[in-house]
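**Q** So you can see what is in the structure, the chains are spelled out below.
There are 2 protein chains.
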Amino acid sequence: MSAEIICVGTELLLGDILNTNAQFLALELANLGIPHYYQTVVGDNLDRLKQVLAIASDRSQILIFTGGLGPTPDDLTTETIANFFGVPLIERQDVLEDIARKFAERGREMTPNNHKQALIPKGAEVLPNSSGTAPGIIWQPRPGLILLTFPGVPSEMQQMWRETAVPYLKSQGWGKEIIYSRTLRFWGIGESALAAKVTPFFNLSNPTVAPYASQGEVRLRVSARACSESAAKELIEPVAQQLQQIAGLDYFGSDSDTLASVVGQLLTDADETLSVAESCTGGYLGSLVTSIPGSSNYFLGGVISYDNSVKASLLGVNQSDLYTMGAVSKLVAMQMASGVRSLLSTHWGLSITGIAGPGGGTATKPVGLVYIGLAKPDGIVECCKYQLGQNRSRSSIQHASACNALDLLRRRLLTKHEQGL
Amino acid sequence: MSAEIICVGTELLLGDILNTNAQFLALELANLGIPHYYQTVVGDNLDRLKQVLAIASDRSQILIFTGGLGPTPDDLTTETIANFFGVPLIERQDVLEDIARKFAERGREMTPNNHKQALIPKGAEVLPNSSGTAPGIIWQPRPGLILLTFPGVPSEMQQMWRETAVPYLKSQGWGKEIIYSRTLRFWGIGESALAAKVTPFFNLSNPTVAPYASQGEVRLRVSARACSESAAKELIEPVAQQLQQIAGLDYFGSDSDTLASVVGQLLTDADETLSVAESCTGGYLGSLVTSIPGSSNYFLGGVISYDNSVKASLLGVNQSDLYTMGAVSKLVAMQMASGVRSLLSTHWGLSITGIAGPGGGTATKPVGLVYIGLAKPDGIVECCKYQLGQNRSRSSIQHASACNALDLLRRRLLTKHEQGL
Chain A
899 MSAEIICVGT
909 ELLLGDILNT
919 NAQFLALELA
929 NLGIPHYYQT
939 VVGDNLDRLK
949 QVLAIASDRS
959 QILIFTGGLG
969 PTPDDLTTET
979 IANFFGVPLI
989 ERQDVLEDIA
999 RKFAERGREM
1009 TPNNHKQALI
1019 PKGAEVLPNS
1029 SGTAPGIIWQ
1039 PRPGLILLTF
1049 PGVPSEMQQM
1059 WRETAVPYLK
1069 SQGWGKEIIY
1079 SRTLRFWGIG
1089 ESALAAKVTP
1099 FFNLSNPTVA
1109 PYASQGEVRL
1119 RVSARACSES
1129 AAKELIEPVA
1139 QQLQQIAGLD
1149 YFGSDSDTLA
1159 SVVGQLLTDA
1169 DETLSVAESC
1179 TGGYLGSLVT
1189 SIPGSSNYFL
1199 GGVISYDNSV
1209 KASLLGVNQS
1219 DLYTMGAVSK
1229 LVAMQMASGV
1239 RSLLSTHWGL
1249 SITGIAGPGG
1259 GTATKPVGLV
1269 YIGLAKPDGI
1279 VECCKYQLGQ
1289 NRSRSSIQHA
1299 SACNALDLLR
1309 RRLLTKHEQG
1319 L
Chain B
899 MSAEIICVGT
909 ELLLGDILNT
919 NAQFLALELA
929 NLGIPHYYQT
939 VVGDNLDRLK
949 QVLAIASDRS
959 QILIFTGGLG
969 PTPDDLTTET
979 IANFFGVPLI
989 ERQDVLEDIA
999 RKFAERGREM
1009 TPNNHKQALI
1019 PKGAEVLPNS
1029 SGTAPGIIWQ
1039 PRPGLILLTF
1049 PGVPSEMQQM
1059 WRETAVPYLK
1069 SQGWGKEIIY
1079 SRTLRFWGIG
1089 ESALAAKVTP
1099 FFNLSNPTVA
1109 PYASQGEVRL
1119 RVSARACSES
1129 AAKELIEPVA
1139 QQLQQIAGLD
1149 YFGSDSDTLA
1159 SVVGQLLTDA
1169 DETLSVAESC
1179 TGGYLGSLVT
1189 SIPGSSNYFL
1199 GGVISYDNSV
1209 KASLLGVNQS
1219 DLYTMGAVSK
1229 LVAMQMASGV
1239 RSLLSTHWGL
1249 SITGIAGPGG
1259 GTATKPVGLV
1269 YIGLAKPDGI
1279 VECCKYQLGQ
1289 NRSRSSIQHA
1299 SACNALDLLR
1309 RRLLTKHEQG
1319 L
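Chains as they are written, first to last, in this note's numbering: chain A, 899 to 1319; chain B, 899 to 1319.
Pulled out of the complex, with its shape left as it was, chain A reads as follows:
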């Protein structure tokens, strides 16, 4: 028994809108423990929608439609479904009255084409829409096959899903066994290197472990099928523990944790403060730090020293070092970190200087070369050099630079005692 999501709308095929409905429904199905193997997008076209219906009703037992319930002639979902199963459409008086009432409430005239929205396949139940005019249906056109339809407007679809579809699916016995996942997050190790370390885990069946990577971050998703969230957590916990142990410091957090939130928690725990000095990231590191609510507890601010004059005047970077070593150098990164730490009187000072591109690279200092400086509570300053790759986009280099800076600070905060801090 599995579900299939069918999103109807030419606007999806034209790329006008992002299919957020599919993601919402996918998460909801996982929460209810309903397996779900396919998603299909098809345009507002009767023949193609019928073909999709034929394929889906053959391989899946719960078909969830979004879109095509509007009042205009190109909204065909309900009509096509009725046609496919050879059942007539019935105008439902209660639905018509509900639509009329909503128009009156908004002081608008109901148009004749809204009558279409009151047509429901004979035998189907109405899936009420409390905010919009288009109701959906819940229908078992034959034993073992359930159809649910929703409008394409995300807010209406989500409300209808929660108010009516979830209770209905639970009444059908779903939601007893759920799929619950924890995502473990890693920085400083590539996907294949991490995968090589944890290969045996990929053969587990419950929980399962699957890797994926995005913008330099690697994730392992540990998913368990169980009768409750707490039972799933019990299955996940020992596996997650082992994976974290194997990864060591490359593991930084799970689920909604970010490098910035983890660094924030470590600074809060240590009751220490941070300031930043940014060149090629232009404020992006600060914006990551302050994306975390409550960051004012540990983040005092910083200097965007984009121009060399600002590096010298505000951060006290030595003019002759800027001239001889260049702004993108170990020495300058260290002076920036040390300078902002002194200027703002914080425990930690974190700096970034590099070449984000696309221009500005040379043979010895290519695009993607980044130095990160860290001035520590004892005043000692260290520097790490990164080669982020010459073919990456400017925004990707800026993102990776800021994440590497946060990661360096995270590692030092975690091993403070070993460093005598």
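Because the hints were derived from the structure by calculation, they are not lab data.
Just to be clear, a hint being listed does not mean it is correct.
Taking lysine-lysine pairs in the DSS-like style, the calculated list, with each CA pair at most 25 angstroms apart, reads [unchecked claim]:
(1) K1131/B x K1074/B
(2) K1000/B x K1263/A
(3) K1131/A x K1228/A
(4) K1095/A x K1000/B
Chain A is already provided as a structure; the job is to place chain B on it using the hints.
**A** The following block gives chain B in isolation, referenced to the frame of chain A:
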């Protein structure tokens, strides 16, 4: 002849990620005039992927795959395709060398499982990946059927699409009748208010005009169908001109223009410089400004004055004003703008202070209250107050604040002469 998009990845079925790849490819296919009737999402599962392949190869002639090209055992796309068409996989020495070179460049160890990414179906061509390790393929397994595969990582997929797939598809005769669009971008006006001003344009047939909105920005997409880009542009131009005229200063740019790029161009044209002082945005305004290549020509840097001590010590904000008016006030915003302009000796100084939430709001100063200060070349400072709404997320308030700041500067740069600057 039509194309079909097949996105492979269990993470899509679990709702872990939003399917932005399908939208990107849908837009690109429309630009090339390639009809496209179906999108399918399927998990990392050999049998189900084979079934999808059977259905898709029966109804579509260009199959575009994303995902499942990684180094781990659950990455099955290439293997499944070869298996479906009964063709062996060949290890390509040139691909292997390219992967090895990329690992070396980043100073990382290549693992044995990366060898998998050099396996290509016999007879297929390599679709090179200039930034990541996973190449795709271009393959005609039988006459009249073209397969293209891409990794799931959006940045890599998009680069590969533009560099190789588009020229290839054009060489196959596509892109002759094209759909070409220009997106007009607006800031400072709501979607319904703009729609009300331009209603008659929504009835045009070639070009068509369609509105959409995202994160405070409103867009009108003007799309023409024509035999060439230049013919399409001729259809679009007069309509775009009229729309821009109706919108006045609320129109800020088109297509890939952003508020930051437009402000950058205006500053470059005027040969003037900018500095920023940020409180609640924590560096985000600076990161938007420096997201533009070449921003070093006009952006000197700034101060992230997150803590009040930094507002006073670096920007010279009056301590008693901070105490009596509060950090989120007109007076402080103006002093921040003026302070950073003096400190960095720039023509313009732009400041933001506000309450990004979720905490920190009061009855008189609710979450979403933001003041933006602008110190102008003549030293005069102005301030705008914004109520961005208490129910918005922290990141949404930070984004809207930075955009409003850029928009204020843009409007003043455009009307400099009227202000006697």
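**Q** Now, for every hint given, state plainly whether the structure supports it.
**A** Hint check:
| no. | hint | verdict |
| --- | --- | --- |
| 1 | K1131/B x K1074/B | 14 angstroms, holds |
| 2 | K1000/B x K1263/A | 18 angstroms, holds |
| 3 | K1131/A x K1228/A | 45 angstroms, violated |
| 4 | K1095/A x K1000/B | 20 angstroms, holds |
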